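As they're listed, the protein sequences go chains Y and V. FYI, the numbering for the first sequence is 1 to 330, going by this note's numbering. FYI, the numbering for the second sequence is 1 to 334, going by this note's numbering.
These are calculated hints, taken from the structure and not from any lab test. Everything numeric in this text was worked out from a predicted model, so none of it was measured. One thing to keep in mind: the hints can contain errors.
Negatives, chain V to chain Y, calculated, CB over 12 Å [stated by the list, open to error]:
| # | residue |
| --- | --- |
| 1 | Thr-92 |
| 2 | Asp-98 |
| 3 | Tyr-177 |
| 4 | Ile-268 |
Label-pair ranges, simulated between beta-carbon atoms [as the list claims (entries may be wrong)]:
| # | chain 1 | residue 1 | chain 2 | residue 2 | range |
| --- | --- | --- | --- | --- | --- |
| 5 | V | Leu-188 | Y | Ser-269 | 31 to 41 Å |
| 6 | V | Ile-39 | Y | Thr-156 | 16 to 26 Å |
| 7 | V | Ala-194 | Y | Gly-154 | 51 to 61 Å |
Yeah, the Cβ is synthetic: ideal placement off N, Cα and C, and Gly gets one too.
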Amino acid sequence: MSAIAANTAPRRSPFWRAVISGTGIVALIYVLLYALYAFWQPDALSVYTFTDLVNNSTPLALAAAGETLVVISRGFDLSVAGVVSLTNVLMAVYPLDGPGGALVSLLMCCAIGAFVGMINGILVARLGLQTIAATLGTMIVCQGLALVILDAPGGTVADFVTYTLTDTLFGVVPIAGLFLVAAVVLWLAFRRTNTGIGLYAIGADEQSARFSGVAVSGVRITAFVGAGILYGVAGFMLSAQTATGNPTAGTPFLMLTFAAVALGGTPLSGGRGSLVGSILGAGTLMLLQKVLFSGGVSSFYTGIFQGFVLVLAIVFGNTVARLLKKDEAR
Amino acid sequence: MPFDASSDQRGRQKLDRETVNTLVVFGLSIVLVVCSRFISPALGSWSQVLTVLILASFLIILSFGQGLVILIGGLDLSIPALITLGGVLTTTWIGTGDAGIWYVLPAILVICAMVGAVSGIGIVWLKVPPFIMTMATSIVVASVALGYTSGTPRGGSPSGLLWLMKAWFLGVPVVIYFTLAFIVLGWLLQNFTALGRRLRALGTNRNAALIAGVSVNRLELVPYAISAACAGFVGMMLVGYSNGATLRMGDSYMLPSIAAVVIGGSSILGGSGTFIGTVGGAILLTTLGTMISAIGLSEGWRTIIEGAIIVGALLLLRGEFLTHIGNRMLTRRK
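Bound conformation, chain Y alone (with noise of 0.2 Å):
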């Protein structure tokens, strides 16, 4: 209940609340991490380097800005890393070229995104699985599906969407961060609709969400297959990024999206948190891997990193939102 009442009150003006609620103090982390990049790499700050960092970072961005959507609604969904690679290796199986086979792809991708989510949705919402139980199983389906489909790394991506998503707008904007702006726009409306409330108010109580008049199975399926269709668009970015297919290329995904939302200031307890924060903190993870391993360390290194990066994001997480309850009660 108290997400509702701190959506709700305004105690503070709206800027303020932003600057202090745990979006602000990711932002705040990337920009210092950034600043500390570009005094080490002076080309840090050129359009390349920047470029590059946006695209590196869209597709997990896009997946931990899915994540986000169950996880404030209470809830995990694993089947992220079974959709990336069921989308990867759809792109680099059956490659479309020209912006129209692009847009096809794209509405491939979401389809098919969608439809895992919807599936997730319906085990949950209307057969009572637990998230955990019932998107671990659509995940090991849609890795066995990438299996069938592609069973070693392989196949080409069309060169228009390796190319073209790659690149920048006006050699100035890159277009993969116009994917992400998309999502946030459209995150900003829907948060303010009934069902974007109610994913709030489920996550936070449940039953009283139910008791309130909110559609309860109605939200928790729209929160899947929203976040579905993000994890397809991830996929679609992924794909574009590696330019070939990998049947495990999602698995990565798995603990890196866990991280980013944790980092993103939204408790894994569900009922608070933004979407815009887990873009941050996707950027920020792999900002900070990049600062950390500009040089190209062995994997050895980076799957240390990875697993302590995890955990500490989420104490991190735990922390912040535990200060902000301490302030709010007040």
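Got chain Y sorted already, so can you dock chain V onto it with the hints?
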């Protein structure tokens, strides 16, 4: 209907549900073995059954640990990494021959258990959700194994482990006796010791367990440590089975370990489930896996079937389905 004491079936229903599930799972395994003769005459023979049981023994031991973690409402995703750790340490520290096997093997198991306890500490004190914490441990352990072996594990299997996995006694492989003993011990631990009862209490209702005087925080570490030690031990068994370790040797065991527990009738929410049911689930899954290989389906299809089985089992076990079957069987018997 007049009241009589036997109409109070609360305790009985629960028992029946678990019993029915176990019977169904074992029955299905037998039916599968019999049916498999129609697919290929090589299947369903006695030696084939023994092969399935040997393969199932890995899964049985793994899913004992996973089952305890699920019993308290957690999930252990670090099993593959710990299998690899157990295997890699065995081949590099002992290697061929048996030098120091009597103290090095237990030492490796203790190391694995400590890794599991670290996961537990993160879950209990840092409040990281179990599946995320074990995922984090998993990637750190996998990276350490990769760095330690620099990509290619050296060494072969100690002869003691070769004996365990390859020797026969009275027409049956030694490992099957060993697994039977493990099953009995596991069953006793889970059902007849204070530890087993406390774990069940913790999984059923954490607050109630706390009020009942169970030191829940320390107790919560135990299943993760046991699960990690089981995984490490399976790593050793796999070393004996295939005479060497690889960095991917555990990869194919994570999903089956969860599936076996879920099919065996444990609630994924924790608090219910029997090890005997899990053993049935492990045997059923292994039988199915052998059949899938015999038909010649690819790895992808096997994964799809496993996923579908997990979801199907969850749906079947979710509600009153098995209780209904149990009741029907009871009333008919009357």
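Here is how each hint holds up against the structure:
1. Non-interface call for V/Thr-92 relative to chain Y: holds, since the shortest CB-CB distance, roughly 16 Å, exceeds 12 Å.
2. Distance to chain Y confirms V/Asp-98 as a non-interface residue, since its nearest Cβ pair spans about 31 Å, more than 12 Å.
3. The claim that V/Tyr-177 lies off the interface holds: its Cβ sits roughly 33 Å from the closest Cβ of chain Y, which is beyond the 12 Å cut-off.
4. Remark: the non-interface label on V/Ile-268 conflicts with the geometry, its nearest Cβ contact in chain Y lying 5 Å away (cut-off 12 Å).
5. With their beta carbons about 37 Å apart, V/Leu-188 and Y/Ser-269 fall inside the hinted range of 31 to 41 Å.
6. For V/Ile-39 and Y/Thr-156, the Cβ-Cβ distance of about 38 Å falls outside the hinted range of 16 to 26 Å, so the restraint is violated.
7. Look at V/Ala-194 against Y/Gly-154: about 55 Å separates their beta carbons, and that is inside 51 to 61 Å.
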